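Number of protein chains: 8
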Amino acid sequence: MDDVPAYLELIAQRLEMGFTAVKFHCWCLPEKDLELCRAAREQFPGTAFMHDVENNYSHEDALRVGQELAELNFTWFEAPFPDWDLDGYRQLTSQVDVPIIPSGNWLMDLQSFGHAVHSGTWTRARTDITCLGGLTPAWEALQLCESAGIGCEVLGWGNTLISAANLHLMLANDCCSYFEQSVPYEPYEYGMLDVIRTDSDGQVTAPDSPGLGVRIDWDAMEAATVHRLVFD
Amino acid sequence: MDDVPAYLELIAQRLEMGFTAVKFHCWCLPEKDLELCRAAREQFPGTAFMHDVENNYSHEDALRVGQELAELNFTWFEAPFPDWDLDGYRQLTSQVDVPIIPSGNWLMDLQSFGHAVHSGTWTRARTDITCLGGLTPAWEALQLCESAGIGCEVLGWGNTLISAANLHLMLANDCCSYFEQSVPYEPYEYGMLDVIRTDSDGQVTAPDSPGLGVRIDWDAMEAATVHRLVFD
Amino acid sequence: MDDVPAYLELIAQRLEMGFTAVKFHCWCLPEKDLELCRAAREQFPGTAFMHDVENNYSHEDALRVGQELAELNFTWFEAPFPDWDLDGYRQLTSQVDVPIIPSGNWLMDLQSFGHAVHSGTWTRARTDITCLGGLTPAWEALQLCESAGIGCEVLGWGNTLISAANLHLMLANDCCSYFEQSVPYEPYEYGMLDVIRTDSDGQVTAPDSPGLGVRIDWDAMEAATVHRLVFD
Amino acid sequence: MDDVPAYLELIAQRLEMGFTAVKFHCWCLPEKDLELCRAAREQFPGTAFMHDVENNYSHEDALRVGQELAELNFTWFEAPFPDWDLDGYRQLTSQVDVPIIPSGNWLMDLQSFGHAVHSGTWTRARTDITCLGGLTPAWEALQLCESAGIGCEVLGWGNTLISAANLHLMLANDCCSYFEQSVPYEPYEYGMLDVIRTDSDGQVTAPDSPGLGVRIDWDAMEAATVHRLVFD
Amino acid sequence: MDDVPAYLELIAQRLEMGFTAVKFHCWCLPEKDLELCRAAREQFPGTAFMHDVENNYSHEDALRVGQELAELNFTWFEAPFPDWDLDGYRQLTSQVDVPIIPSGNWLMDLQSFGHAVHSGTWTRARTDITCLGGLTPAWEALQLCESAGIGCEVLGWGNTLISAANLHLMLANDCCSYFEQSVPYEPYEYGMLDVIRTDSDGQVTAPDSPGLGVRIDWDAMEAATVHRLVFD
Amino acid sequence: MDDVPAYLELIAQRLEMGFTAVKFHCWCLPEKDLELCRAAREQFPGTAFMHDVENNYSHEDALRVGQELAELNFTWFEAPFPDWDLDGYRQLTSQVDVPIIPSGNWLMDLQSFGHAVHSGTWTRARTDITCLGGLTPAWEALQLCESAGIGCEVLGWGNTLISAANLHLMLANDCCSYFEQSVPYEPYEYGMLDVIRTDSDGQVTAPDSPGLGVRIDWDAMEAATVHRLVFD
Amino acid sequence: MDDVPAYLELIAQRLEMGFTAVKFHCWCLPEKDLELCRAAREQFPGTAFMHDVENNYSHEDALRVGQELAELNFTWFEAPFPDWDLDGYRQLTSQVDVPIIPSGNWLMDLQSFGHAVHSGTWTRARTDITCLGGLTPAWEALQLCESAGIGCEVLGWGNTLISAANLHLMLANDCCSYFEQSVPYEPYEYGMLDVIRTDSDGQVTAPDSPGLGVRIDWDAMEAATVHRLVFD
Amino acid sequence: MDDVPAYLELIAQRLEMGFTAVKFHCWCLPEKDLELCRAAREQFPGTAFMHDVENNYSHEDALRVGQELAELNFTWFEAPFPDWDLDGYRQLTSQVDVPIIPSGNWLMDLQSFGHAVHSGTWTRARTDITCLGGLTPAWEALQLCESAGIGCEVLGWGNTLISAANLHLMLANDCCSYFEQSVPYEPYEYGMLDVIRTDSDGQVTAPDSPGLGVRIDWDAMEAATVHRLVFD
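Residue numbers (my numbering), protein chains in the order written: chain A, 1 to 232; chain B, 1001 to 1232; chain C, 2001 to 2232; chain D, 3001 to 3232; chain E, 4001 to 4232; chain F, 5001 to 5232; chain G, 6001 to 6232; chain H, 7001 to 7232.
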């Protein structure tokens, strides 16, 4: 996507398809990004916009862009810095009025996650079952966010098995907003007999079979196996 | 009350009756609440307004609404979060310019109350004799607020006996503003020979009999007794 | 129990019955308490002792007694101050080497509980399902202790229904040590068809029926009902 | 009093008169003071001793002496530094195990007093009605100490009028230990018809007349008046 | 001075006399005070204005007024709270952009003064030789302000002897702006052979005789002596 | 340079020569400086401007000027205070939105430098090899800035030998923006056979010979030697 | 190794072989571990001992054992808790006098590592090139420890390639003490033409060929390849 | 000085000459240094000893040695770490009971010096007129120490001119203990007509001529001049 008009055109198409929220992954160049953000807000005043810069801004860039995103009433500003720059997040979160969230895949223990939550690092947290080591600690992480009074988005990227676990996790807690759907579907559904797909209303439904609710196609799994670790 | 025009109509009626301050308990939905707040301020520029959302906002909602309430010159913003979310209150109080006060009925010991007061949790505190365990600790709580230089509203909800104690407490200290009158009167006056009512100037007067100054109708009390605990 | 020799005699009897740990609830007078502690340690060098003073010591008493309990190798020092004196607990915990635990029945929300845990208030926490408002928040409290790396004792006092819930809670987490058994048994078992009792090895077993695993004797419950609140 | 033996002789005499506690005001020279403290403890193992050095020690002296006073089991160590050296008090209090108290006549507002209490400046506070500006703020100061869980000694030095107010203050609160009696009596009783004197059991009794309970001899007051300020 | 127009008239007169700065001591009622401040700024856009409310505002009043004074480009906002409300000052100083200064006559030791300076209590400090106990500690206080990079106004109110000492103090340091001249002159010059008066250019000159540079009229002093304390 | 028009004329000339950024060293008088800043921004809306006041502002001046520089979209505000006023820098950096940088030649050890970086003292740090004692600690300082996520400008003033080392340092790290070129060239190139000069595109190129890449003219060095220290 | 005598026998054998330091990996049961530690110190008073419990102690166990290890003059106490329990490490490090070090393989970014170092988490840090992502960040980590004045052990476990890089890292900095040699040698040397082995004096020598100084046996590498990722 | 006996012999000689205090500059090897310290204390129980290790210890060494020096009742422990390791000093000062002082020649501005004093970095500070830039800031530094309640040693090393200024500085303040005399005398007295020498009682006397009180031999100064900087 090379320029702002092309991007605006794409947004218009998606909105016609019924989308109500758009997250930008554009150039990660502050001035060019802002140009798009301003134009999008002017053309689509009622749409929810998020801006995700995939850890590519400097502190000074992020402060300036964040202040303008607040004025443009963006829904959130995602991943301005690498996730380990907790000090940078903390400072930015306290300085701008647009919600700040991280990529969410760096902190891997509950104690670090809890310190970040309790010290105002982000407006909303972000994590998932693969980051924290399974459903139990991810569950605790969401409950920790709830008791701290902040929201927590859940990453949804990955194979159907992982998405299913994350989906159950989200629905069992009350601090998440969107389900992240990896597209195109097929590569993420390899080796699965059951899959999770967004319906025509933009909703996903949790499978209601036992366990995670999705069955594995073991033959396909075998066919694609490269190496095998056995823990007896 | 279903919509903004109906609410505005009600406000107009009350102001004609001589009220000068109105506290909103409306929908606790940020966008709809703000719509009312803006309309009320525009129509009644000189009236004192408070907005009470009974612990129902998220941190992000409260920040956004609080900033606009400050611009609309509201007198206070009450109970955005549950009272135990002291961190959330502290952060909000430091970020918006409208006074922030809690519900006031969760902290039940002077040490916790004092920590909250001294760490800038609220712009004004809120408590009463039933929360803190009697007149003496409530008295100390108000003196603690005075020495910290912040105001303290006193809850007035409850039976006449409780209201009388709270009224004496308020008048003996210098950091309270309004007396909260439970209406309709009668259910809250059951079993009392003397009652406390707001006069036609919107003022209440403390009873000047000995003790709390209001006599109990013991026969009525007996008639309504369900269970009796005796401490010898 | 009036004097030290009588208390020592009682300890000797219990140890013969197979007990291996004894918690003192003695006079709550520092000098007299210490006299017993010293005599008990001298006479029973291998027994686990806890000292519980039910919120009755001053800061200076507790520091002095705590230092000596550490030298006497006590297992813990319980409830030196009221539970709301978090500052006092914090200071004592940092000054003495014997583990410090509170009564555990004052903090009623996860945020306050979490602040206390994270600020080094106690060596081990203490709570239960009735303090925090049910199994879910109590579960979160124990997980919070685990992620902070500290133990959490669970109160066991109360009717069989409550004890059953607390017992399940303890067994499902890995940071508790003892089950507190209310004795004599009967008053705490009123209205129950199933009960929880310590076996001859000093162990209790969790009931394995569905739900909490203990059935209510509804006729007995009806017979003892004083008042009934109905929430439709 | 020039040397240690003479001081020990004096202590022996006082203990025969029934005293059970002795506060030293000796040389304020660390080595010589310690010599007396050690000798006194050895000769009178069961007596309560306090050491008051009237703001004359350096930080290093106080640390060394305080550590030894703790080993000698002194009841308290008073006024090692000027009262404004709050940092010095805080550091000493956290380093030694003997209780540390200040002179108590420098802080004159509740906020400063409260900060000192809440930041662990002293083991026990010390103040009186003349320091804080009357009975009301002194009362609040004692309640503040109670809610913080620390003791507060009350200065007793001064004319009978002041002593009477301080005595009422002490008896109405529960965090004081000793009444300080100014001797010889007469100069402190000038202009009074009623006086406060320690009885043969070492106890003082609060006067039970109205007000402070002691009457002024206005003729004597007039006779001694130097200047008169009139506030109409 | 009863109303805003009268006050504005007075300001106009003073400015014609050559004054370039005016400090308001008006009603200490937030709304009425602001009315004057706005009118004065509009009518006299280039004049330096200070607003002194002599410790009479609440925290909420001060925040609101301070924000508007910043917009009106006032030179400073003086004494919104009692000087002991250090927490209140600290909070206000960090929230508004107009310089905040205290009355300056409460803190009487260098350590407290230093803590206040180093913790951002005021934008500029304020003290004098009588508050801190003489020229030496006042000198140290000003040097302490210089090394902290903040200004320090010196109180000038008092007898010529005191004013002379304060004037020397100010001129020997580089962090003061105005000399405060007590008027009318005579009562403050009693008992002095030499006096300090503002010249026609609004400047005062330090006396260059030895010592403080002003001679005492001992006969006049004797004539007015009420009481005499002699320290041998 | 006496007035604003002359300064604007000079800027216009330089921009015609191809410069795209201009750093002001003007009068260090807040009002006059701001006059220039406003005029320059109005006349040259797309140029990068820095304002360097060489440690000459008071805290109040810097706050006011910094706020306006942010509105004028300046690239940075340099050296408002002496470099040792770390508290002043910290406060200013947190209050204004224009990047704040120090002179950079006071802190001479990595620990102090690191504390300043980690406590938000500056928006961007500033140092060089002569301040920190050689290439190795300067290298560590830049890596420390990178891990903290902030930029670090490198001073370039000095003889060619020093400039060469600083240039290599800058190019080997990724947190610097401009090379500072001392002009006129010759005095800074004395005693060197190779020099570093800015090319016609405003770029400098690092020498690629071994070591620092610039050869010394030892005869010239000998000719100018005043004193010789020999360390065997 | 089942019991203390067998362990002592093993230590005796190793010391005869010339070892001067022994690190225990024993039962991770506090009482049994201490029994060994005491016996070893008594039998070998001049030997350097380390105790490594591989993250298996509770906070209370670690405090008790750490205090005794300090008395037994152990060289360090390793990995009492999981590496993410930074709070637990910080508290233990401040409470016991034996040096505390972590496992060192959890923190993977310089900012987290730096926070831990600067907040007194460990007495000595521990990391290596695989934890932090290569030689460059590991180098920065060691320099960061040097500037903070603490030591940093380097993990040595792994294939020869990794050990070689870690060995160069250690020798190029001045804050490491021991080289950790994985034994038996062969499994860790697979696919290498050059290896690193401890000589008869217990020393290792860095290879002095170019690069890491050890050559890879690519044929052996190919033979053992399971899967191949190619980044073009 | 190669071994402990030789050092003890030297101490014995000096004590016979009347010295009462000895500062060690020995091997800076912890074990060997401690051997001397223990032997010296045993042989000379009443002598004041200081141990100066000239910035050569690790944190762990310093903790261990400091603890033993406290038991050996040393007067102070000097320069365990480089002066810029403020964190290391702070930690050591809070952990050992022997007074800790720095070299004193690194901090060169009052703000850094004040932060170190106020954060408990050293037990006693150390500085002089050359470190801080003249008599005025050094004077302020000593007054700052006095108001913080800690001592401040003054370096005395240097030419007579510097020593004279330092001597006046020490005598005019009340927080210094020893005058440091550079010996042998002559090299430090070059170019002076008046000198400062210790008399037979180990005392130095301040010169009482005007100014610093010592006259310069300008001819000698000229004769030794290498280079001349002139500031007009």
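I should point out that these hints are in silico values taken from the structure, not numbers from a laboratory.
Fair warning: this is a prediction, and the values are worked out from it, not measured in the lab.
A hint or two may mislead.
If you want a taste of the chain E side facing chain H, the calculated C-beta under 7 Å gives, among others [unchecked claim]:
hint, residue
1, Q4111
2, S4112
3, E4140
4, Q4143
5, L4155
List time: in silico BS3-like cross-link candidates among lysine-lysine, alpha-carbon distance up to 27 Å [as the list claims (entries may be wrong)]:
hint, chain 1, residue 1, chain 2, residue 2
6, A, K32, F, K5023
7, G, K6023, C, K2023
8, E, K4023, F, K5032
9, A, K23, B, K1023
Label pairs and their calculated CB-CB ranges [as the list claims (entries may be wrong)]:
hint, chain 1, residue 1, chain 2, residue 2, range
10, G, Q6067, H, R7038, 57 to 65 Å
11, G, G6046, D, E3054, 27 to 35 Å
12, F, L5171, G, D6217, 32 to 40 Å
Just so it is clear, CB atoms sit at the ideal spot from N, CA and C, and this is done for glycine as well.
A quick look at each hint next to the structure:
| no. | hint | in the structure |
| --- | --- | --- |
| 1 | Q4111 | holds, 6 Å |
| 2 | S4112 | violated, 10 Å |
| 3 | E4140 | holds, 5 Å |
| 4 | Q4143 | holds, 5 Å |
| 5 | L4155 | violated, 20 Å |
| 6 | K32(A) / K5023(F) | holds, 26 Å |
| 7 | K6023(G) / K2023(C) | violated, 39 Å |
| 8 | K4023(E) / K5032(F) | holds, 25 Å |
| 9 | K23(A) / K1023(B) | violated, 39 Å |
| 10 | Q6067(G) / R7038(H): 57 to 65 Å | violated, 24 Å |
| 11 | G6046(G) / E3054(D): 27 to 35 Å | violated, 52 Å |
| 12 | L5171(F) / D6217(G): 32 to 40 Å | holds, 38 Å |
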